[in-house]
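Protein chains in written order, with my numbering: chain A, 938 to 1280; chain G, 938 to 1280; chain L, 938 to 1280; chain R, 938 to 1280.
These are calculated hints, taken from the structure and not from any lab test.
Watch out, some of these pointers could steer you wrong.
Unchecked claim - According to the in silico footprint, chain A covers these stretches of chain G (three or more CB under 8 Å from chain A): (1) 939 to 946; (2) 949 to 955; (3) 1027 to 1038; (4) 1060 to 1067; (5) 1165 to 1173.
This structure is a prediction, so every number in the text was calculated from the model and none was measured.
For each residue, glycine too, the CB sits at the ideal point set by N, CA and C.
There are 4 protein chains.
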Amino acid sequence: MFSFKNDYSEIAHPRILQKMLDTAYIQADGYGLEEFTYEAQDIIKKKINEENVDIHFVSGGTQANLITISASLRAHEAVVAAESAHIVVDETGAIEATGHRIYTIPTSDGKIRPEEVKSVFEENHDTNFAPYPKLVYISNPTELGTVYDKNELKAIHDCCKELGMYLFVDGARLACALTLDDVDIKFEDLPKVCDVFYIGGTKNGALYGEAIVICNDNLKPFFSWSIKQRGGLLSKTRVMALQFTELLRDELYLDLGRHANELAKILTEGIKEAGYSFFVDSPTNQVFPVFPNEIMDKMLEKYRFQTWTAVDDKTTAIRLVTSWATPKEVCCEFVEELIRISK
Amino acid sequence: MFSFKNDYSEIAHPRILQKMLDTAYIQADGYGLEEFTYEAQDIIKKKINEENVDIHFVSGGTQANLITISASLRAHEAVVAAESAHIVVDETGAIEATGHRIYTIPTSDGKIRPEEVKSVFEENHDTNFAPYPKLVYISNPTELGTVYDKNELKAIHDCCKELGMYLFVDGARLACALTLDDVDIKFEDLPKVCDVFYIGGTKNGALYGEAIVICNDNLKPFFSWSIKQRGGLLSKTRVMALQFTELLRDELYLDLGRHANELAKILTEGIKEAGYSFFVDSPTNQVFPVFPNEIMDKMLEKYRFQTWTAVDDKTTAIRLVTSWATPKEVCCEFVEELIRISK
Amino acid sequence: MFSFKNDYSEIAHPRILQKMLDTAYIQADGYGLEEFTYEAQDIIKKKINEENVDIHFVSGGTQANLITISASLRAHEAVVAAESAHIVVDETGAIEATGHRIYTIPTSDGKIRPEEVKSVFEENHDTNFAPYPKLVYISNPTELGTVYDKNELKAIHDCCKELGMYLFVDGARLACALTLDDVDIKFEDLPKVCDVFYIGGTKNGALYGEAIVICNDNLKPFFSWSIKQRGGLLSKTRVMALQFTELLRDELYLDLGRHANELAKILTEGIKEAGYSFFVDSPTNQVFPVFPNEIMDKMLEKYRFQTWTAVDDKTTAIRLVTSWATPKEVCCEFVEELIRISK
Amino acid sequence: MFSFKNDYSEIAHPRILQKMLDTAYIQADGYGLEEFTYEAQDIIKKKINEENVDIHFVSGGTQANLITISASLRAHEAVVAAESAHIVVDETGAIEATGHRIYTIPTSDGKIRPEEVKSVFEENHDTNFAPYPKLVYISNPTELGTVYDKNELKAIHDCCKELGMYLFVDGARLACALTLDDVDIKFEDLPKVCDVFYIGGTKNGALYGEAIVICNDNLKPFFSWSIKQRGGLLSKTRVMALQFTELLRDELYLDLGRHANELAKILTEGIKEAGYSFFVDSPTNQVFPVFPNEIMDKMLEKYRFQTWTAVDDKTTAIRLVTSWATPKEVCCEFVEELIRISK
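The whole structure should be built from the sequences, with the hints applied where relevant.
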C-alpha cells in the first residue's frame, strides 16, 4: 500500500546516493573544515545571492531548531511561535530542555501575524517576572501547508527589527514554498526577510541534512561551538555538504519541491471534484481533506495516511503528504478511487 | 597526500551505499517504527546473544553520549570518566550543557580502574555539597587506542554494581576492540559487563550512525523521549538501521575493524623497526609514535596526520589513524619512507 | 498612603523578630542539621498529623517551586498547571530554565479540574513527540484567591494517582485556605491529598521561608541535593526553622491567616454594599473588585493597590491584598471612602 | 561546647535584628523597587566610591555564584577556577546545572595566578571542541583563608581583559580581606580590579544576604531577570537592603571582619607558641593548624571544629573559624588548653 503519511518515507534521490558511491573513497577532513563543505556553502551563497552569511549543516530539523534557538538566546530570553509550530507540538520539549520558554500564539492556518508578535512582546518584555520575548520562530511552509510570501515575511521581520527581536524561519519544506506559481518568495529573498533560516534537505530529496543560513551578524560568532555542544556536528559534515551541492548545483532542489506541490494539486483538485472540503487551504505538499468517516476507512484500505483531527462525530480531517518521490499515477489513482467510492 | 588524521575521512563502505541506492524508493515509516529498524535490532540482538535489551540509533558519538548520560541521570547526579575521555576533551562541554558534572580521573593510558572509581565515589557520595557520582563512562578502545578486556570491564562493572552506579561503554571504535588476537572481549560479552553501550558505525564503514544498546532495565523506559528531545531522533532512522543490518548480517563489521587493526600493526612494527618509541602502547587503529621534530616535518611533507603533544623540545608524539578504508600499500610506503629518512 | 498591593509589604511578625533577637548568639550547625531545624520539623509533623514526611526549608516561593519540580521530574517530563499559575506568569520561566515544559490549562477562577488534567495527559503521554505530563502544580489558595476544599484536592490527587502523576500544592498563602468557615480543608488533610506541598511563611508573618513537605516516598531521596544545587540551601536554615516553630507552636500561623481573610471580607462586603461587582469571587485575602476608572483613580489618590486587568473601556479590575499586618481600621476607612465617593 | 566550625553559627548582629524589629510594620514595595533598597545601594556606591555600578541582593553565596555566572555566560562558555573553589567543592554542581563547565586549576594555597588563567585559555579557546573559557571565578579571601591584595587582583583582571574574559570575585568573607594590616585592598579598589563582585553579609553579621556589585557594563542588562528566573529574587528584598544599610552606614561591617581576623590571630599565635605548624598560612578568620591526632581528639572533647584533611597517619589538619560573634575569651582559653595538653 502506498503511503501518503509523510515526505520522508523514501531514502534519497538516486543522484545523491550515486554521488556518494562515486566518491566513497575520496578522503576529506572532518567537521566541515574542507573543500566539499566550502563548495556547498559557495553554491548556497550564489543561490540566495548573498555572500555575507554563515552556513552550517546539521542532520535534522529538531537539531536545527534547538541549536539555532539556544545559540541565539541568553538564559532569560524566550521564543514566540504559533501554537501549531513544530517546536511546540513535535519536538518533546526540545526548546524548553535548553532552558527557554515558548510563548504560543493561537492560529487556525498555522501562520502568525506581526500584530500578534507585537502583542506578546508588549505583554511580556518590561517586567522581570516574564521571560523576555527575543526570537520569533516560524516555518515556511507552516505545519499546515500554508505559505508566507515575501511581503508577509518582510512585515514580520520589520516588526521583529522594531522590537529588537530575531526572526528564524524553519525551512524544512522550503522547496515547496519557493515553487508555487502564485506565491512570491524566492531563494534570494530569504536573507533580506529574516535573521536566520534553514534550507531543508531531509524532506526534499536528501538522505539527511539541513543547511542553516545565518544572516544577522549578531548570531554568527561561536555558532559552531553550539552545534558541537548539542551533538549536532557530524564528523562527516562533508556528506551533508555533498548532498546540498548535488541538490543545488542545478535546479534539482526546486524541481523536487515543484513535483511535490504539483502532485498535491492533483489530490486537492480531485478531492474537490469528489465533493469534499478541506480543514485548511494548503497550496503545498500537505493537504488536509475532511472525509466522512466511512469514506476515510475505505480509503485506508488502499492507502496509508495520517488522520489529523476529528472534525465532528461523523467526519475527520486527514493529512495527505506528497513528496519528491511520489509517483503521479498513485495520486491519480487515489482520486479515481475516492470518486468511485463517493458515488 | 594520504591522510592518517582520522577514521572518518572516507564516506562509507560501498556495500552500504549500494544498498541505499537499491532501496532508495522503498517506503518506510519514520522514526524507527518499521521493519528495517526492527530487522537491524534483531540482528544486533543475535550478535550480542541477548534478547533483553533495547536498541536505539542516533547519528553520532557526541549525541550518543549526551543522550545516554542525560537520560540516565537525575539532576543532582554526575559522571565519572578519564580526564582524556571524549566527553571531557572533545565535546564542547556537551554533558555539562545537560546539567551534569564530570568527575575526572587522571590517566596515562586512557583507562580507569575500579579502585579509582571507588575513590571518587567515596569522596563525593555522602554529602549534599557534591553532585552524586552515578555513572561511569569509558570508551573501548579508549581515546589512546588502548583496550579493556572482558575481565577488566567486568571488574569495573562489578564495582559499579556494588556502588549502585551505572557503567556506560562508548563503542565508537568498538570493532577495533573486538578483533584483537590477544584481547579477550567479544560482542556477546558486552551485555554482561555494562549497563549500556553503543556500537559505533561512523568510524567503521557506516555513513553515520551509532547503535545504543541498553542492557539495564532501569535505563530503558522513555529513552526514545530523550533522543527526540535532544534532537537525535532522525525521521529516516531506517537508514541507520539499514547500515547496521548491512554491517552485521555477516562479518563485515568485524572484518573492517580487523583491517584497521592490522594496518595499524604494520605501522607500529615499521616504526619500531625504524627505531622510534611510542607515547602509549596501542594495539588498535590509533598509534602514537614519538618522532624527532625534523623527522615529523619530513613525514608531513608526504602524509597528513595529527600532532598529538610535544614530548620535549625536540620530539613530538603524533597520531596515526588507520581505518576500514586505509590501503595496505599506503602503510607500507609510510614505513619505507620513514626508514629511508631516518637513516 | 496605605498599600494593599501585596501581603509582603511588612517585615515580619514581632514575635518572630523578638525570638531571633533573644537567641542571636546561640550557636547552631549549618544547613539544617541541628536541633532548631529538627524541632520545627517535629512541630510541622504534629500539625499535619503525619510522621512519614520529609521537611525542607527554602527562602522563597519561586525557589520552592523550581526545586520541587526539577527534583521530581526526569528530563523528558513536564508540568501541568493553570494558565494563571504563579510558575506560568510570575517566575520568569524558572521551570523552563530547569528544562521542563509547562502544559497550561485555561481557567477563569484560577482552579483546574481533574478532567482537564486527564485531557492534557491523554493528548500527550503516549507519543515521544511530546514531553510526558508527570506533575500537576496547583496553588491553594490560587492566584485569584479561590480555594480548593479537601474533596476537590482529593479528586485531583486521585486523578493523578490513576495517571501515575504527582500533585504538588503551592501553599504560599496556605493559611488563608485553612481558615475559612465554609471551606473544609485542614492541615491534617494535606498529606492525604497530595504528594508534596509547602507551607508558606513569607506571606503570613515570617520574615522569609517556605516549608516543603514531601509526602510521597518516591520524591524524598536526594531532595536536599537539589536544594543545594539550585542555591536554595541557606547556611542558617536554623533561622527559617525558628520562624516556623514560632508560627506553629501555638495558633499564630492560622490566626494570622484568619486575620487576613476577615479583613478581606470587610473589603468585599463593603465594596458590594457600595454597589460594585467582582472580577472573581475570592473568599481569601485577595479581592478583585471591578471599579469604574474614575472611581479607581480617586481611590488611588488615597490608597496604593494593583490594577489587575481592564474589563472594558470604562472599568478595571483591581487587586486588594490584606495580610497578617493589615489594620482593621484601614479596611473600614477604605470602604467608607469608597461609599462616600460612589454616591 | 563552643563551635569553631564556621562563621554562620550565630543568627545575626543584634543591631540588625533590632532594626528589623523597630521597622517591622513599615510598608515597602516588593522585589527591591523601593526606598530601603535604593538607600542601601547608595551607601554601597559611596563605600566603593563608584557610582557606575548595578547592585543586586540575593540571599546566599551559592545563589550569588550561580546567578552571576549563568547570567554572564552564553551557553558554550565556561568558567575558570581554583580546584578548591567554593563552586567546585561546595555547591553540588550548581554551575554545571546551569549548563557550564568549570576548568579547574590546581592550587596549594587556594589562589590562582594570571599565567595559569592564560594557560587554560590558550589550550581551550580556539577550537569548537572545548567550551570557551570566558569568566574567572576567585574568592577573596579564598577557601583556604589566603588573600589577594590589590596588585594581585589587578594582575588577574588585566590578564582577563587582555583575553576578553570577565573576573568575578566572590566576597562571602570580603570583610576579612579588607581589614588586614599588611594586605593592601580596600572597598574602593574593588570596582577597579574586577568585573563583578559581591559583598558577603551572611558570614559577617547579617542574618542573610549578599550584595552583588556589577562593574562591567556588559554584565548589567537583564541581570534581575536572571535573579528572578533562578529563584533568587526575594519579595522582601528590602530586608536584605536594610541589613546592608545597617552594616555599612558606619564602620560596623569592617569592624566585624577585623574582629574575626584578630581572634584568628590569637589562635594562630597561640598554636605556634604551642609548637604546631599550619596546613596553609592564612591571615584571615580561617586557620588550619596541623595537630597530632591525639591532641586533636583531646581538643575535640572541649571544642567543636572541622577536620580538614589527614596530613599523614598521625597528624591531621583541622579548620578553626572565628567570626564577628566569637568571644575573645574563648580563643584565649582554646590556646591555654592547647598549651596545657601539649606539654
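Outcome of the hint check:
| no. | hint | verdict |
| --- | --- | --- |
| 1 | 939 to 946 | holds (count 6) |
| 2 | 949 to 955 | holds (count 5) |
| 3 | 1027 to 1038 | holds (count 5) |
| 4 | 1060 to 1067 | violated (count 0) |
| 5 | 1165 to 1173 | holds (count 9) |
Figure legend: structure checked against the earlier numbered hints; the only hint not met is number 4.
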